[in-house]
Amino acid sequence: MPVAPRYACLFQDRKHLYQFLFECQQRSLEKQHPQIASISVEIDPVDPLAVLHEVVQPNQFHFYFEQSLSGEKVAAIGNALSLEVDGSRRFEKTRQFIQSHLDHFISTAAHDLPVVPPRFFCGFTFFDQVSASQSLFPATTVFLPQWQILRRRDECQVTTNWVIHPRLNLEHLTETIWEQFQAIRLARYGVFHLPDEMRHRLNQWDITDTDRFMATVIAALKPIHTHRINKIVLAHAIDVTARFPFQWARSLYNLRQLHPDCYVFSISNGKGQSFIGASPERLISIRDRTLITDALAGSAPRGKTTHEDGELAEGLINSKKERHEHHVVVEFLTQTLRQLGIQPQFASAPRLLQLSNIQHLHTPIRADLPNHLHPLDILAELHPTPAVAGMPRDMACHLIRRLEPFERSLYAGPLGWVDAQGNAEFIVGIRSAFMDGHHARLYAGAGIVAGSEPEREMAEVRLKLQALLQALV
Numbered sequence: 002m003p004v005a006p007r008y009a010c011l012f013q014d015r016k017h018l019y020q021f022l023f024e025c026q027q028r029s030l031e032k033q034h035p036q037i038a039s040i041s042v043e044i045d046p047v048d049p050l051a052v053l054h055e056v057v058q059p060n061q062f063h064f065y066f067e068q069s070l071s072g073e074k075v076a077a078i079g080n081a082l083s084l085e086v087d088g089s090r091r092f093e094k095t096r097q098f099i100q101s102h103l104d105h106f107i108s109t110a111a112h113d114l115p116v117v118p119p120r121f122f123c124g125f126t127f128f129d130q131v132s133a134s135q136s137l138f139p140a141t142t143v144f145l146p147q148w149q150i151l152r153r154r155d156e157c158q159v160t161t162n163w164v165i166h167p168r169l170n171l172e173h174l175t176e177t178i179w180e181q182f183q184a185i186r187l188a189r190y191g192v193f194h195l196p197d198e199m200r201h202r203l204n205q206w207d208i209t210d211t212d213r214f215m216a217t218v219i220a221a222l223k224p225i226h227t228h229r230i231n232k233i234v235l236a237h238a239i240d241v242t243a244r245f246p247f248q249w250a251r252s253l254y255n256l257r258q259l260h261p262d263c264y265v266f267s268i269s270n271g272k273g274q275s276f277i278g279a280s281p282e283r284l285i286s287i288r289d290r291t292l293i294t295d296a297l298a299g300s301a302p303r304g305k306t307t308h309e310d311g312e313l314a315e316g317l318i319n320s321k322k323e324r325h326e327h328h329v330v331v332e333f334l335t336q337t338l339r340q341l342g343i344q345p346q347f348a349s350a351p352r353l354l355q356l357s358n359i360q361h362l363h364t365p366i367r368a369d370l371p372n373h374l375h376p377l378d379i380l381a382e383l384h385p386t387p388a389v390a391g392m393p394r395d396m397a398c399h400l401i402r403r404l405e406p407f408e409r410s411l412y413a414g415p416l417g418w419v420d421a422q423g424n425a426e427f428i429v430g431i432r433s434a435f436m437d438g439h440h441a442r443l444y445a446g447a448g449i450v451a452g453s454e455p456e457r458e459m460a461e462v463r464l465k466l467q468a469l470l471q472a473l474v
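Each residue of the sequence shown is one higher than the last, beginning at 2 in this note's numbering.
Treat the hints with caution; some may be incorrect.
Subject to a maximum C-alpha distance of 25 Å in a straight line, what follows is the list of computed BS3-like cross-link-like pairs (lysine-lysine) [stated by the list, open to error]:
hint, residue 1, residue 2
1, K321, K94
2, K322, K465
3, K223, K305
4, K305, K322
5, K94, K223
6, K32, K223
7, K305, K94
Derived by calculation from the structure, the hints in this document are not laboratory data.
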């Protein structure tokens, strides 16, 4: 990835910005190929969510990702490059698309800043083929944002990416970049805090529940009892219609407050529709060739008192049914990694992951990665895990298609980013909702194994859905 000469700050002087873009344009002439100008600068700390709310337009792609415990928040706005693809080779095609552009970056940063490797943001649906009439998103969306706002604790960096070709009007582009940067730098909170009276007015909606989930669980238990499958994860969806259009940014802000221990996320399709949520499940995190993945399966509610909470936790840890469900996920993840030539390290017994309204059995798995493995190669093998599909995987996915009366789309799919140096962060898009004007569809799921009781599974998904409902306004 070529690195251009350092500038003190390209956003202090339009002339310096224009000069850098001109150098990129000259390179595009020499190479007879468009180049990607990438500029990174440090700014006074802003909240990437506030920037997203203030700057993004309905016809733009966006991606938002935060995990409060790690202290990292990132907003990606607009697309300098993008790809939509489906089919069984979609992870491979995504990797090829990203790698085909890396030699065309011309990156620069201020003297005292590291050059930020470009991040590509990705949204993969649960299945590799989707129904165009039912899914708001294609099977795969990958894009390089025009703007990335990355905040780590009290440090904040802005990166902008633009495709430069010989016929581009650099004067107009310089002005566009300059104006958009000022809007990002000055972004502050707008309408996240509402008076109680307004909140009450907005919280008026109609909920449509198909009430088919228990019947679906009963149908799924038949092949489990005949040992055709060991586990299947079924999703339930409810539709919510509001008097006023839903505000996805406000909902994200609420999710941030309610679930600081989860990954809060949002991805848009550039058509005014968004998929948001607060997921507890990390699929892969790769930093400096160290991989972390999570086995997260087996759950119980939180107690209303300390004593009740302790009893529920003890019951979860000692439950044969929940431990078996968790063991299936651990075995799948570790065996899959070993087949890729990776040696996983993990504890022999799960720990508790206690969230605000639910607790899970949790086994973190770590491993060192060989240099030849790309994050998307690993993702292709891990998705979908038994935590969101079942075992055997292919048969469970076939049954999900047949039993669930709706398109999963991005629900339980991998969402995240990968950069030019092989770092990556992907979560599983659960505890989530599609938002489209006055309408929202909320999703939650439960793992069904031998011993599952339809009433208890229904109670689990209602608990998860209630947490989402609280965050809508």
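Hints and how they fare:
no., hint, in the structure
1, K321 / K94, "violated, 41 Å"
2, K322 / K465, "holds, 20 Å"
3, K223 / K305, "violated, 35 Å"
4, K305 / K322, "holds, 23 Å"
5, K94 / K223, "violated, 38 Å"
6, K32 / K223, "violated, 62 Å"
7, K305 / K94, "violated, 48 Å"
The earlier numbered hints that this structure contradicts are 1, 3, 5, 6, 7.
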